[in-house]
Amino acid sequence: MNGDRTTRQALEALVMVADGPVPPHLLAELLEISAEAVEALAAELQAGYEAEERGFVLTRVAGGYRFQTHPDVDAYVERFVLEGQSARLSAAALETLAIVCYKQPVSRAQVAAIRGVNVDGVIRTLHQRGYIDAVARDPGPGQASLYGTTALFLEKLGIDSLDDLPSVAEFIPGPEVVEALEHGLRVTEG
Amino acid sequence: MNGDRTTRQALEALVMVADGPVPPHLLAELLEISAEAVEALAAELQAGYEAEERGFVLTRVAGGYRFQTHPDVDAYVERFVLEGQSARLSAAALETLAIVCYKQPVSRAQVAAIRGVNVDGVIRTLHQRGYIDAVARDPGPGQASLYGTTALFLEKLGIDSLDDLPSVAEFIPGPEVVEALEHGLRVTEG
Amino acid sequence: MPYEVSTSVFEGPFDLLLQLITADQVDLYEISICRIVDGYLAELERMETLDLDMATEFLLIAATLVELKSRRLLPGLDDGDLDEELALWEERDLLLSRLLECKTFKDAAAALHRLSEQASRSYPRLAGPDERFLSLAPDLLAGITPEALRDAFIRAATPKPIPRVQMDHVAPIRASVADAVEELLDELPRVGVITFRRLTQGLVERLAVIVRFLAVLELYKQGAIDLEQTERLGELRVTWLGLPTELSGMPIEEYQG
Numbered sequence: 007m008n009g010d011r012t013t014r015q016a017l018e019a020l021v022m023v024a025d026g027p028v029p030p031h032l033l034a035e036l037l038e039i040s041a042e043a044v045e046a047l048a049a050e051l052q053a054g055y056e057a058e059e060r061g062f063v064l065t066r067v068a069g070g071y072r073f074q075t076h077p078d079v080d081a082y083v084e085r086f087v088l089e090g091q092s093a094r095l096s097a098a099a100l101e102t103l104a105i106v107c108y109k110q111p112v113s114r115a116q117v118a119a120i121r122g123v124n125v126d127g128v129i130r131t132l133h134q135r136g137y138i139d140a141v142a143r144d145p146g147p148g149q150a151s152l153y154g155t156t157a158l159f160l161e162k163l164g165i166d167s168l169d170d171l172p173s174v175a176e177f178i179p180g181p182e183v184v185e186a187l188e189h190g191l192r193v194t195e196g
Numbered sequence: 007m008n009g010d011r012t013t014r015q016a017l018e019a020l021v022m023v024a025d026g027p028v029p030p031h032l033l034a035e036l037l038e039i040s041a042e043a044v045e046a047l048a049a050e051l052q053a054g055y056e057a058e059e060r061g062f063v064l065t066r067v068a069g070g071y072r073f074q075t076h077p078d079v080d081a082y083v084e085r086f087v088l089e090g091q092s093a094r095l096s097a098a099a100l101e102t103l104a105i106v107c108y109k110q111p112v113s114r115a116q117v118a119a120i121r122g123v124n125v126d127g128v129i130r131t132l133h134q135r136g137y138i139d140a141v142a143r144d145p146g147p148g149q150a151s152l153y154g155t156t157a158l159f160l161e162k163l164g165i166d167s168l169d170d171l172p173s174v175a176e177f178i179p180g181p182e183v184v185e186a187l188e189h190g191l192r193v194t195e196g
Numbered sequence: 017m018p019y020e021v022s023t024s025v026f027e028g029p030f031d032l033l034l035q036l037i038t039a040d041q042v043d044l045y046e047i048s049i050c051r052i053v054d055g056y057l058a059e060l061e062r063m064e065t066l067d068l069d070m071a072t073e074f075l076l077i078a079a080t081l082v083e084l085k086s087r088r089l090l091p092g093l094d095d096g097d098l099d100e101e102l103a104l105w106e107e108r109d110l111l112l113s114r115l116l117e118c119k120t121f122k123d124a125a126a127a128l129h130r131l132s133e134q135a136s137r138s139y140p141r142l143a144g145p146d147e148r149f150l151s152l153a154p155d156l157l158a159g160i161t162p163e164a165l166r167d168a169f170i171r172a173a174t175p176k177p178i179p180r181v182q183m184d185h186v187a188p189i190r191a192s193v194a195d196a197v198e199e200l201l202d203e204l205p206r207v208g209v210i211t212f213r214r215l216t217q218g219l220v221e222r223l224a225v226i227v228r229f230l231a232v233l234e235l236y237k238q239g240a241i242d243l244e245q246t247e248r249l250g251e252l253r254v255t256w257l258g259l260p261t262e263l264s265g266m267p268i269e270e271y272q273g
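Protein chains in written order, with my numbering: chain A, 7 to 196; chain B, 7 to 196; chain C, 17 to 273.
If you are wondering where the hints come from, they were derived from the structure by calculation, not from laboratory data.
Worth double-checking, as some hints may not be accurate.
Ranges between beta-carbon positions, derived for each pair [what the hints assert, rightly or not]:
#1 A:GLU89 with C:GLU163: 27 to 35 Å
#2 C:LEU150 with A:VAL123: 24 to 32 Å
#3 B:ALA49 with C:GLN134: 18 to 26 Å
These stretches of chain B come out as covered by chain C in the derived footprint (C-beta under 8 Å, 3 or more residues) [stated by the list, open to error]:
#4 23–34
#5 79–87
If you're wondering where the values come from, they're calculated on a predicted model, not measured in any experiment.
Backbone N, C-alpha and C define an ideal beta-carbon position, used for all residues, glycine too.
Bound-form chain A, shown alone (with noise of 0.2 Å):
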């Protein structure tokens, strides 16, 4: 049946997009479908692609439904996050990254704005890597991911909490320096 077809599909394309496990509640509530309904047909999927020996599962884990490499091929996929990816933070990422930090909670909109630039790919590589995350939502309209440094961040950095971070404080100027910078350098309505 057509229905089931989409709906199948859908399922894919969901978990295909998610960066992190999709509960079966979830699934069930965006394909307006059972939860029961979402379990059988992603024991299907999971059947279709292990008969057709896919390079990927659909697996089960703790929060849902997620993609992950088929064990068969993990030596490729370990050489490829060894060698794929570089091993240092650009200065554009370890500016993303320290703004993350001291203006934690922040969205990526609020830190590109800082930047001037797109931060989408630094804020991606960070989150991947587990020195970010997002910690809270914005209560506005479009509830953006509010980000802030883990555990990890810390530990990496060698220091216990973000209070033994170096203070900013004196060196940032204030509102009123950057209103007279801004009103003697730009076009003003007159």
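With chain A fixed as given, assemble chains B and C onto it according to the hints.
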């Protein structure tokens, strides 16, 4: 054959764990096959997903392969993906982008001359959103930044490279438009 | 009104002219230059900051259009100076090629738009490797001290000045050709003969001067005044002739729509 199966599975797995388009040469290196073999394998996978009516597609975009959701189920995915969706571009931004795209590397002043309006704000927005970047400096006096489009621009359009864009010759107005303009601007009556 | 200037999609002087000539199939002969000017002025007024580049661009176009129009309104000028005639053709060709270029990129932009609309229906997987592989990835924070992080923050948070011309002193322009015509209708009958220079003496804004000039041209077209210029780029003398009878009473009705 076993070797083939593993290679195919590894290809699927590598694209699955990548967080951006994976260039064929990197896949070729990791899979220890030729770039041509990678492309053939990818084409085979694409055909397979289509035949099986999967909810995802393997696309070639911005110089590499990545998994994307199938456009047919976009209504479901849209509801799920709240963030990371880039806002629509205004008509002014699109026109500026078209000029940068077809004339790159190009200076702000050159774009402004074509559009007949100041483009500072639009250029800044496009730069902030990561669609264009300063790629060179004008060797002449003033050393103005010359702009070009980015890989993110290719991703935004869903194309593999600038070569996939229609030639600018296709947009040059036809004789009827030229005639209408000539008529509108004719010097003498009649 | 034979046509509408759609200012809501106003994107610059070429756009407006393109729209007028192609979309609306309006002959330049029928376009009231003054209405175009007023459309622009209304738009300039709406802009948050005065865009001198655009104002200049517009003036160049308006000047070319005025010249083309006057050529056609006054066919007797055909046997004028050949150099002037050629210069006018050159201006026209320049304007034409810029309009064609503008149209080319408008259509290219539409194609880019279609591509991006299509692409926006398909969402990429960006999840990255799962936690089993994370320990393999190189430690990106190796060698980074808290001080280095602070310095990076200060670098990022220090506002970068955007160099722009200081224009606080420029008052927003509040003039329209219609207003300028009214002013002239008030002033000219009283003075009779006046040079254009004197007529614009009190005006500081270049744009206001241009608006006055266009108003003068409009009255000339109506036959209300005579213009005299003894040498090229010389003093322009404006002589009040009186309002043609069919126009008196409602002389500038045309501008109010």
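To see whether the hints hold, each was checked on the structure:
For GLU89 of chain A and GLU163 of chain C, the hinted distance range of 27 to 35 Å is satisfied, since their beta carbons lie about 31 Å from each other. Separated by about 26 Å at the C-beta atoms, LEU150 of chain C and VAL123 of chain A satisfy the suggested range of 24 to 32 Å. Between ALA49 of chain B and GLN134 of chain C the C-beta distance comes to about 21 Å, which sits within the given range of 18 to 26 Å. With 4 residues having a Cβ less than 8 Å from any Cβ of chain C, the region 23–34 of chain B passes the three-residue criterion, so the hint holds.
For the region 79–87 of chain B, the proposed coverage by chain C is satisfied: 3 residues have a C-beta within less than 8 Å of a C-beta in that chain, meeting the threshold of three.
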